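Participant: Take a look at the letters that make up each chain.
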Amino acid sequence: MTRRGMGLDISELESMAKRCRRNIVRMVYGIGAGHPGGSLSAIDMLTGLYGHRLRVDPSEPSWTDRDRFIMSKGHASPGVYSILHERGFLTEEDLLTYRKLGGCCQGHVDMKWCPGVDFSAGSLGMGLSFGIGCSIAANLDGSDRSSWVMLGDGELQEGQVWEGVMSAVHHEIGNLKVIVDRNGIQNDDFCETQMRMFDVSEKFASFGWAVMEIDGHDMQQIVDAIDWADQVTGGPACIVMHTVKGKGVSYMENNPKFHGAAPNEEQFNLAMEELS
Amino acid sequence: MSAPSGGGASRDGYGAALLEMINDDKVVVLEADLGKSTKSCLFRAEKPSHTVSMGIAEQNMMLVAAGLSTSGYVPFASTFAIFTERGFEQVRNGIARPNIVVHLCGSHGGIHTGTDGSSAQSIEDLAIYRTLPNMTVIHPCDDVSAKALTLSLRHHGNPSYMRTARNKVTRSYSDESADELEIGKGYVHRQGDDVAIIACGVMLNEALEAAELLSNSGIEATVVDMHTIKPLDSELINKLAKECGAMVTAEDHSIIGGLGGAVAECLVSNYPIPLERIGVQDRFGESGGSDELLEMLGMKASNIVQAAQRAIKRR
Numbered sequence: 001m002t003r004r005g006m007g008l009d010i011s012e013l014e015s016m017a018k019r020c021r022r023n024i025v026r027m028v029y030g031i032g033a034g035h036p037g038g039s040l041s042a043i044d045m046l047t048g049l050y051g052h053r054l055r056v057d058p059s060e061p062s063w064t065d066r067d068r069f070i071m072s073k074g075h076a077s078p079g080v081y082s083i084l085h086e087r088g089f090l091t092e093e094d095l096l097t098y099r100k101l102g103g104c105c106q107g108h109v110d111m112k113w114c115p116g117v118d119f120s121a122g123s124l125g126m127g128l129s130f131g132i133g134c135s136i137a138a139n140l141d142g143s144d145r146s147s148w149v150m151l152g153d154g155e156l157q158e159g160q161v162w163e164g165v166m167s168a169v170h171h172e173i174g175n176l177k178v179i180v181d182r183n184g185i186q187n188d189d190f191c192e193t194q195m196r197m198f199d200v201s202e203k204f205a206s207f208g209w210a211v212m213e214i215d216g217h218d219m220q221q222i223v224d225a226i227d228w229a230d231q232v233t234g235g236p237a238c239i240v241m242h243t244v245k246g247k248g249v250s251y252m253e254n255n256p257k258f259h260g261a262a263p264n265e266e267q268f269n270l271a272m273e274e275l276s
Numbered sequence: 001m002s003a004p005s006g007g008g009a010s011r012d013g014y015g016a017a018l019l020e021m022i023n024d025d026k027v028v029v030l031e032a033d034l035g036k037s038t039k040s041c042l043f044r045a046e047k048p049s050h051t052v053s054m055g056i057a058e059q060n061m062m063l064v065a066a067g068l069s070t071s072g073y074v075p076f077a078s079t080f081a082i083f084t085e086r087g088f089e090q091v092r093n094g095i096a097r098p099n100i101v102v103h104l105c106g107s108h109g110g111i112h113t114g115t116d117g118s119s120a121q122s123i124e125d126l127a128i129y130r131t132l133p134n135m136t137v138i139h140p141c142d143d144v145s146a147k148a149l150t151l152s153l154r155h156h157g158n159p160s161y162m163r164t165a166r167n168k169v170t171r172s173y174s175d176e177s178a179d180e181l182e183i184g185k186g187y188v189h190r191q192g193d194d195v196a197i198i199a200c201g202v203m204l205n206e207a208l209e210a211a212e213l214l215s216n217s218g219i220e221a222t223v224v225d226m227h228t229i230k231p232l233d234s235e236l237i238n239k240l241a242k243e244c245g246a247m248v249t250a251e252d253h254s255i256i257g258g259l260g261g262a263v264a265e266c267l268v269s270n271y272p273i274p275l276e277r278i279g280v281q282d283r284f285g286e287s288g289g290s291d292e293l294l295e296m297l298g299m300k301a302s303n304i305v306q307a308a309q310r311a312i313k314r315r
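Quick mapping for you: the protein sequence lines, in order, are chains D and S. Under this note's numbering, think of the first position of the first sequence as 1, with each following residue one higher. Under this note's numbering, think of the first position of the second sequence as 1, with each following residue one higher.
Since the hints were made in silico from the structure, they are not lab data. Since we're looking at a predicted model, the values are computed, not measured. A virtual CB, placed ideally from N, CA and C, is assigned to each residue, including glycine. It cannot be assumed that every hint is accurate.
Said to hold, decoys possible - Sample of chain D residues with no beta-carbon within 12 Å of chain S, all distances over it, derived:
#1 G74
#2 V211
#3 V232
Unchecked claim - Derived SDA-like pairs: lysine to any residue, alpha-carbon spacing no greater than 20 Å straight-line:
#4 D:K100 - D:Q220
#5 S:K26 - D:W63
#6 S:K47 - D:N139
#7 D:K112 - S:S49
#8 D:K112 - S:R171
#9 D:K257 - D:Q267
#10 D:K112 - S:P133
#11 D:K18 - D:D215
#12 S:K313 - S:Y271
#13 S:K26 - D:D141
#14 S:K26 - D:L140
#15 S:K26 - S:I56
#16 D:K18 - D:E253
#17 S:K47 - D:E253
#18 S:K26 - D:G142
#19 S:K300 - S:I256
#20 S:K26 - D:R66
#21 S:K300 - S:R171
#22 S:K185 - S:L232
#23 S:K26 - D:K100
The following block holds chain D by itself, in its conformation from the complex (with noise of 0.2 Å):
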């Protein structure tokens, strides 16, 4: 299993989500646009499964027997790339190119632009699906591989999402793993003012899932809530990580502002000496 995880320890992998903090907020500010505040809120995750767990290879991206990652909230962009980045599946060039005309690294995250992006996110709601197809999937073909799946919190009020949930348990997907990034903010403002959730670790485990709740920006936290979720075997597994929308950066933290906006040349420099 050489191409599983990187092999990394908790301080390498908590300097590595360091450093795509870091080109999160250059991405999004050499563009002049973009999203930085789920990103910020779900890189640690991101770091946690490229890092620690997810088999894929960056010399055959269309491997077929690589795990899926499906970044559901694919405004989330810049943490994606910024992982894959740090992965081997692009360059520090490529990474320049976000929201740029013929750019591989799209606004959205987009199978057919990037390599190691394993779906073409853009409109919420979609990602749990296509990911209980590609577990499906492994199942017939016989394969130990499995799918995970980023959801947004605000996401959750998309009705499809549901009809996800049921049929991964009707169908007793044990490959598959949902995170959920539970941030509190979605694009107008905080999800208790837009469309209350509750419990969301209780509504999935209503459901019939296996769910742990996490502090999300704990490495620690994450890589356990890794590999539990990988000794779930019988159904569906979600993890719901409770995170910082803008983690890492003062002025983003827990700011609805920065959902989706870029920082002017004093944040910018502000955040890159914080992300120092």
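Chain D is already provided as a structure; the job is to place chain S on it using the hints.
Facilitator: Relative to the frame of chain D, chain S by itself:
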């Protein structure tokens, strides 16, 4: 339309084609609680391991199919035509945009569906799927051609939408003639120089009947089964425009955006000639027998005859 013995519904052809692919382990079938209606139930009975029940949840079904496809399978997903439309944005963003080969079948399309009423009578499906880049849009007329065209989708390189119909109709194809069918190529059933009638689905029979009636009054019509709405066989349309100089389209669909719309776009860009469009005239259907509805909505052979005469007069 009554159900003559020996006739077949296009949905039966879809089911028969799936059955014929039973030994192909790359074929997977998805259902949304309407397998008995779309006829995917025939496949399920023989190969439950490769049949996925999605429940009454069409949006989920579209993306599950997409996931299967990117993992090397060839998914055939079906529900009623009208309910595929609930997942339109899923088809747009999740299937057509990344050009993922999923074959979607919407059965019970058109007002011919009958007594279920307007909520079940999709009259816009061909139009909306036709707008999507990468999509192939097919609407066969009978079971024999539906079977042949479904089988040819197995190795088709693009996602597709195929509309099938609920009711049995007189067959227009034999197994031999259906073998000649090719996606994207209209099939000429009858030749005449005075007017060309371009039809699809259950309206092909009305078109053939209209051609007989026209012939009785000395007007000879070409009749084409335009089973593929996209990519449209523009070569054939242009050729017939030059040869006949007048054209009529006939479809169980809104005259906006479907076969009539596609042919109009083609003609106006290449060889403008008078065109009359028979179909649903920008309204919804209602409950009733198929024949009663065709009559009420002006979609019978007699209406095609009048349309042909109008087109010829405008020439």
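Participant: All hints are to be evaluated individually against the structure, with a verdict given for each.
Facilitator: Quick rundown of the hints versus the structure:
| no. | hint | result |
| --- | --- | --- |
| 1 | G74 | violated, 10 Å |
| 2 | V211 | holds, 20 Å |
| 3 | V232 | holds, 20 Å |
| 4 | D:K100 - D:Q220 | violated, 36 Å |
| 5 | S:K26 - D:W63 | holds, 18 Å |
| 6 | S:K47 - D:N139 | holds, 15 Å |
| 7 | D:K112 - S:S49 | violated, 30 Å |
| 8 | D:K112 - S:R171 | violated, 42 Å |
| 9 | D:K257 - D:Q267 | holds, 13 Å |
| 10 | D:K112 - S:P133 | holds, 15 Å |
| 11 | D:K18 - D:D215 | holds, 17 Å |
| 12 | S:K313 - S:Y271 | holds, 18 Å |
| 13 | S:K26 - D:D141 | holds, 10 Å |
| 14 | S:K26 - D:L140 | holds, 9 Å |
| 15 | S:K26 - S:I56 | violated, 24 Å |
| 16 | D:K18 - D:E253 | holds, 15 Å |
| 17 | S:K47 - D:E253 | violated, 52 Å |
| 18 | S:K26 - D:G142 | holds, 13 Å |
| 19 | S:K300 - S:I256 | holds, 18 Å |
| 20 | S:K26 - D:R66 | holds, 19 Å |
| 21 | S:K300 - S:R171 | holds, 17 Å |
| 22 | S:K185 - S:L232 | holds, 8 Å |
| 23 | S:K26 - D:K100 | violated, 38 Å |
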